[in-house]
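Undergrad: Chains as they are written, first to last, in the working numbering: chain A, 1 to 317; chain B, 1001 to 1291; chain C, 2001 to 2341; chain D, 3001 to 3512; chain E, 4001 to 4300.
The hints are simulated quantities; they were obtained by calculation from the structure and are not laboratory data.
Treat the hints loosely; a few may be bogus.
What the hints assert, rightly or not - Label pairs and their in silico Cβ distance ranges: (1) A:Ile22 with D:Gly3085: 44 to 54 Å; (2) D:Pro3489 with A:Leu160: 24 to 34 Å; (3) D:Gly3196 with A:Leu160: 37 to 47 Å; (4) C:Thr2293 with E:Pro4016: 41 to 51 Å; (5) A:Pro97 with C:Arg2143: 35 to 45 Å; (6) D:Gly3428 with A:Leu294: 21 to 31 Å; (7) E:Val4263 with C:Pro2284: 15 to 25 Å; (8) E:Pro4267 with C:Ile2327: 25 to 35 Å; (9) B:Leu1034 with E:Glu4204: 51 to 61 Å; (10) A:Leu294 with E:Pro4016: 24 to 34 Å.
To be verified - The calculated lysine to aspartate or glutamate pairs, modelled on DMTMM-like cross-linking and capped at a C-alpha distance of 25 Å, are: (11) D:Lys3081 with D:Glu3188; (12) D:Lys3487 with B:Asp1252; (13) D:Lys3284 with D:Glu3320; (14) A:Lys124 with C:Asp2083.
Since the structure is predicted, the reported quantities are computational estimates derived from the model, not experimental observations.
Cβ atoms here follow ideal geometry from the backbone N, Cα and C, with glycine treated the same way.
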Amino acid sequence: MLRFIATRLLQSIPLVIGVSLIGFALMHLAPGGPLAVYTLNPSINAQDIERIRIIFGLDQPIHIQYVKWATGMLRGDWGNTFFGGRPVLDVILERVPATMLLMGSALAVAIVLGLAIGILGAVKRHSIFDYLATSGALFALSFPTFWFGLMAIYVFAVRLRWLPSGGMFELGEEDNIIDLLRHLVLPTAVLGLVITASWSRYARSAFLEVLQQDYMRTARAKGLRFHQRLLRHAFPNAVKPLIALLGVELPFLFSGALVAETIFGWPGMGRLFVDALSMKEYPILMGMIVFTALFVIVGNLLADVAIAAIDPRVRLA
Amino acid sequence: MTATVAVNFGAGRRLARRFAGHRLALFGAVVVVLLCAAALFAPLIAPHDPVELDTSLRFMAPFQSATHPLGTDEIGRDTLSRLLYGGRVSLTVGLVAMLTTVLTGASIGVLAGYLGGWVDALLMRFVDTMLCFPQVFLLLVIAAFIPPTLLSMSLIIGLTSWMEVSRIVRSEVLHLREQDFILAARALGASSGRIMFRELLPNAAAPILVAATLKVASAVLMESYISYLGYGVQPPLASWGNMLTNAQGYFDTVPWLAVLPGVLITLTVMGFNFLGDGLRDALDPRLTLNR
Amino acid sequence: MSLLADAVARAAPAQAAGAPVLRVEGLGVRIRTGRHALRALDDVGFSLRRAETLGLVGESGSGKTLTALALMRLVETSAIEIDRGQVALDGVDLLGLPERAMEDLRGRRISMIFQEPMTALNPVISIGRQIEEPLRRHLGTGRRAARDAAVALLDQVGIRDAARIARCHPHELSGGMRQRVTIAIAIACRPDVLVADEPTTALDVTVQAQILGLLRDLQAEMGMAMLLITHDLGVVAETAHRVAVMYAGRVVETAPVGALFRRPRHPYTRGLLRSIPRIARERPAALAEIPGTVPGLLALPEGCAFAARCELATAHCVAERPALERIGPEQAVACWRHQHV
Amino acid sequence: QQNTDRIILGMTQEPVQFNPLLYVNSGTENVPEACMFDALWDIDDTGTFIPNLAAAVPSGENGGISSGGLIWKIALKPGVKWSDGHAFTAHDVEFTYQTIMNPGVAVRSRGGFDLIKTFKVVDDLNIEIELSRAFVPFLWAWQNMHIVPKHLLAGEANINTAPFNTRPVGTGPFMLRSRTAGSHTIYERNPNYHRGPSKVRQFIHKVVPDQLVLYGQARTGEVDYMALAGVPNDRWDEAGKIADRDMLILNSPNVQFIYFNCGKPMFADPKVRRALYIACEMQKSIDDVYFGTYQRTLSYLSPAHWAYNAALVDETPNPELASRLLDEAGWTMGPDNVRMKNGEKLHFTMSTTAGNPSRQATEALFQQNWKRIGVEMEIRNMPASVVWGEYTTRSQFDTLLVAWDPTVGLDPDYTARAHSKQIPVQTGVGSNYTQYANPEVDRLLELGVTQTATADRKATYAKVQEILLQEVPFAPQGATRQAHLKKKPLQGVKPNSYVTDITWNVQDWGWA
Amino acid sequence: MSEPLLELRDLQKHYPTRHGLLRRAGAPVKAVDGISLSVQHGEVLGLVGESGCGKSTTGKTILKLTEPTGGSIRFMGEDITRWSRQRMLPLRRQMQIIFQDPNGSLNPRHSIGSILSAPFEIHGIARGAELAERVAALLRMVGLPPEAAQRHPHEFSGGQRQRIGIARALALRPRLIVADEPVSALDVSIQAQIINLLQRLRAELGLTYVFISHNLGVISQICDRVAVMYRGRVVELAPREALFFDARHPYTRMLLAAVPQPVPDAPRRTVSTEAWTAGESALLREVAPGHFVADHDSPG
Ligand SMILES: Nc1ncnc2c1ncn2[C@@H]1O[C@H](COP(=O)(O)OP(=O)(O)OP(=O)(O)O)[C@@H](O)[C@H]1O
Ligand SMILES: Nc1ncnc2c1ncn2[C@@H]1O[C@H](COP(=O)(O)OP(=O)(O)OP(=O)(O)O)[C@@H](O)[C@H]1O
Ligand SMILES: [Mg+2]
Ligand SMILES: [Mg+2]
Ligand code: NI
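Input sequences plus hints: build the corresponding full structure.
TA: The structure is reproduced here in structure tokens:
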């Protein structure tokens, strides 16, 4: 077990290097660059752009740029942003709490709800509930997030005025937990809706599979109550693919969800990433990719360990 | 696969029978076929040229006029025609991307799970690598290198979204491979390929089929997103996704602009879902059907 | 102790001649496969008294397991349906009971040992916990006590190193060990009725003897009744008080064990007895078999299902199906020509 | 209950940093500039320069500008203090100038400042600048350049990454109190502001990334003032009718054009460009795509500009004339209803930033207009970072749909965009991406920047506009306008068409 | 004597054990702990022993379905102990196994038809109509109707599934069949049919069986020699007659004493609780020609 974790962490060193290398190369080879923002500026001309290119170090060959970035990283220097010259680490870290909060609550809500709906759907297969849940989930997945987001804001914030329409807190109420929760409701609901929908589908299929196994009959023969059979016998068997899914989704805790953040003005990572992508803020992008890599490594490692912990037949290699 | 005979051996007919007995699956198949046919024959059915615009007729509501049965959009294009033509883009993207996702994801998952060892480590680190880049990033970067045609775009979407499928499939295979029937296949001298694709995959079919359904929806929406960012279908070509995106500004004032393409996407996804359900039920002989 | 229990057990049926604990009457099960529906069980009936063992033997695929599952109410899926008959446990009709009430009975008053122990155990739960479960569910045993009880049960079913095995998972056990685990689970709560579907097939004869002894002890102590499904006629001879023989979804003969072995009244039963392999210095070149094959349930003939393989069959046998006919105390047979057997 | 202690301004974007020299985004970074920094002078809503850190705006009359326009004498306002208490002096102005010219600092533009030959600090309050040639828009350059404190920045090895950029100190009406990235920035009143303390204690710049949601917040009152990107075009009617809200319409100096790449053989002939231009239903595109919110213009200036040539006539749409012009130019109708010349089809692409539905609709409309006269246009939109990158700056496009400001503040000078020496692919300087070259226009543009009398300049630029409308290197569609929404009791907001930001006079904003 | 078909030398299979949340390794389970046996062409070797003594593990290891942790396996004159999975593939045609667990060894997603056609497909023996014919023949051979081909494993009774497993192993007519409790779930009449079938095939085709069973009657009917296992080791190996009528090892004797008799009112079996200690070494002593017994220290 500990050896397994050590091996995996060792494997992730080349992974991070590879990822950063690929990321760097892709970013720089793709057309367009950070200087395009200046083109729209009326008073900027070609010399200005050339001058700034040199200041940003973009005139150097890519491999030199990479080596510079990488050696900086090794020293713990994540670099500075092009625009504003702020330390990348600061720029990223100041967004982390918001993202974690939103994604964490959305994931938590979605997992619980998704599982519940999925399980019920599997148990009451072909019932009205099953059909409703199926249609609902598919509907939720077929419309883009922005549509639900705008609808929710329109209904609950603009029309009914029950909830704030966006942001993380009322200005001046930064420390008020109740206020924060109020602000969390709509984005969590909208974001959670989509995740709930897909989780409910996966959960339903996983439970359908497990419920027909012979050992479920044994559990029944023991006289176990329905919920006991479900929780103790079906759950650990059915939950394995879902854990794998969770491992894949864990990076979202870091990378955030762009559309929901935009609609709800949530100061999260998704917006930062897409802003950085559209401005080609290479230093921020690289920083975020490295962070995401860490989350991916940890997420999938945890998932693998959890699966092996649940199912003794699975060997950790 | 080399020996489809064996799949068809009794199972083929039985599968078809079980499938046909599945009312919902039949319904799903009918929906998908109808939608595909509508898209295919769009030039014959569509009342208008989908790019023809007449700004004086914009925002016509559905069911108000015979010439524009489903109304018109923000610059007076016929919604019905755009939906029909848009189906060509969206259905292609949905289907091709879904197939790519599922084939890639399932293959990699089963390879990693069954072969284990360094193959597993290598493939899973590859998956991790792919996961490190947000999909938008991958999409945009790849799309920037490959000229965006409908097919290439679908493939790109598919090739950037298979990772969760592979992880799920792998997690299933990890315990399936320890079961006696896999030993039995090995004892028969079945090659690893046969074991993976004939013995293991059918047992991991359920989550794959779920993923397939979900991927249809996400691919259709993803297409509109990359188009929105400038790498996909170019205006004025319609797709359900970009019709939805364009309707974003009118979500409360002219809601049907978003609802109509949204409903079509939902219908498509439902169609695929029920098809998938039917297939799964047919593949899984233990799940007996309810009539 | 063992000898005393033995004596009590053998005498039991006579003592408790009163109302049977379990009575099955006219049980019928229908299975839908694709377009067809087949009658997998037809008019199955028998009764079990306290401390009595009824051996259920019969041809492979004749519906023994199905009978067991049906009376536990564990078969019902969308494809399989119990469509007629009655199962009464102490006079309470199980088939009409609400599921929640049934849950209270299963594992407590009536429990089952499954034929295929490999798949009957949950692969991700430790052996110990699987045994503890019925105790905690029905008897409210505490966590520690249940754990100790589980180890004790494993020990009882002859598993060496029980404490270690309790922490193992099913895939680490051999076939026989798993079978004994399912037995431990089934007897954990000392049920009134034990339905044992081939409980000792995977056990070597010494362990088998030990297990059967254990079950007999339970019968003696608690008056447990047992439906023992097995192919091992040696086990039947040793353990059962009465025997029911099934063929193609029906009971074709019931008799006290001695009578059955001494004088089988159904040609199929007779065939069975002849096929038993024995340990002898000289062995036959081939074992005696019953010629022909069992008819498929889908294509059951009009008349007697065994007629095609029966050397005594007449036109009557082919044309009309014989009903179970009472031919003596505790003895019945479904054969037109039972006098000729 | 309205909180009159503060004003919440809502925008869809936020500044990425606070150093006015490193300014990147117009519209958003104007807010910290206006709140925390001052320029030597501002321009007010009537177009007059008003002194800010300078004691007076230099001019010929007050002797600030020498007769040849080469020597500029600027006297600074005495007693001005940085918000950290340091005195503001001429050395800060000098430092600002030096930083602008410092090759290591990513200053956006040196436009105007590169003409400074000598910069002399006479004493703490007086400056003398000598230009290498006369340049009237020099006033604009300073109006746009906010002064930074020497005492905080001079010691920085790298100003691009100085902590100052996140913890700025200025002379402006507000001081930075806190910034929550992605959410909002709070500015606190500067009690010692040299033009008098501002009316509210706090000014809050809130970021609401989605325009529709921002509009919703303006309606619910979660923001007091909705600025960038303004009320969506299709909601102006509705917004104008909301009780308790004022809708302010801002003329921006932005004009939306079709850029023709004159360097491509197809567009080398002015006749072709003109034909394409007049085939477009320009007014209709404004009315039906932009809901009439843009103002039709025939030049690179908005019709409200003082230098706008009112004599220009709108010839669009005239497909017949367009067809004739194309025939004359040798593009004759081909078999599949697409014009051909020398075996080549009249087929080209049009690009703009992807994801802008109105521009897409405009493109679709033009596409249809052109299709009618046998021209095949293919839309090829791209992300901003691509389309405005080398695709534009290296003149790789066929046509672009762009909305751009004039080049130097609101001065009518258009040298950078229309002078033949300013074609970056050829000369490496300027921003004449259409590669337009016309000696007459060159001459007029060179003349225009030397003329000090407004009437002369107006005549010169009227001629430029006339030629450009004949030769159409860029076909004007409309001058963009924005509608802002403010709460009725909020006072002091003055739309100013001479600047790009509404917060230019933020110190005067307050509650009734 | 010619070279044996199968020869095991000091075969070992130890399973690692892991317990607790951290899955720490415990002492390994010595499922097979040094077995040496050889099986001649056409011979039937019975393998009996205590439940959990390592019979199935031995069977699986012989076929290299699990990798041995020690010792060597020679099959058809070649040492296959270290052969890779890939290299084993062609050899699989010559060695088959009937699994103890008929339920788990049939892929629940496949119809019986496709399960039974797999061996033919894999080794390219038959296809199309011939394949269907062969499958039907296999089914008939084990007493199942041809329609069974279209049904799935869960639709069969335990005994029927077991017969499907037998049919699958017989499909290729391999040289060696490891039959792990092949008839335990069958009623005696069908059991008789199957055993007769196996004997007939052996006579006709020269098949060799390693026959694992708890049913000593069956063992006595079919086997030429019998090995008795106890805790991972062979404790007695003898020709059939010698084993049944001249058993030397106390465990063997105990087993024989415990065989149930299909005679009602026969004296109840008594399981002796006598203990003996197994010798340290896995060495067998030849006490009579072909009759080997392990060292033991017993009261009897
Ligand atoms: N789900 C099903 N679909 C179709 N037929 C079924 C199904 N389940 C059982 N059967 C059939 O019902 C019959 C009775 O099966 P059952 O398992 O009760 O037999 P059994 O007497 O226990 O046999 P064995 O001794 O081999 O275990 C068999 O012929 C079997 O093929
Ligand atoms: N995967 C495994 N991991 C750990 N231990 C195992 C594993 N498989 C088997 N064992 C152990 O190995 C021993 C031998 O098992 P095996 O299945 O070979 O016994 P067997 O002789 O076939 O018994 P039975 O007659 O009960 O089937 C048992 O003690 C069992 O607990
Ligand atoms: Mg059975
Ligand atoms: Mg075994
Ligand atoms: Ni195939």
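Undergrad: Honestly, which of those hints from before does the structure not fit?
TA: Result: hint 6 breaks, nothing else.
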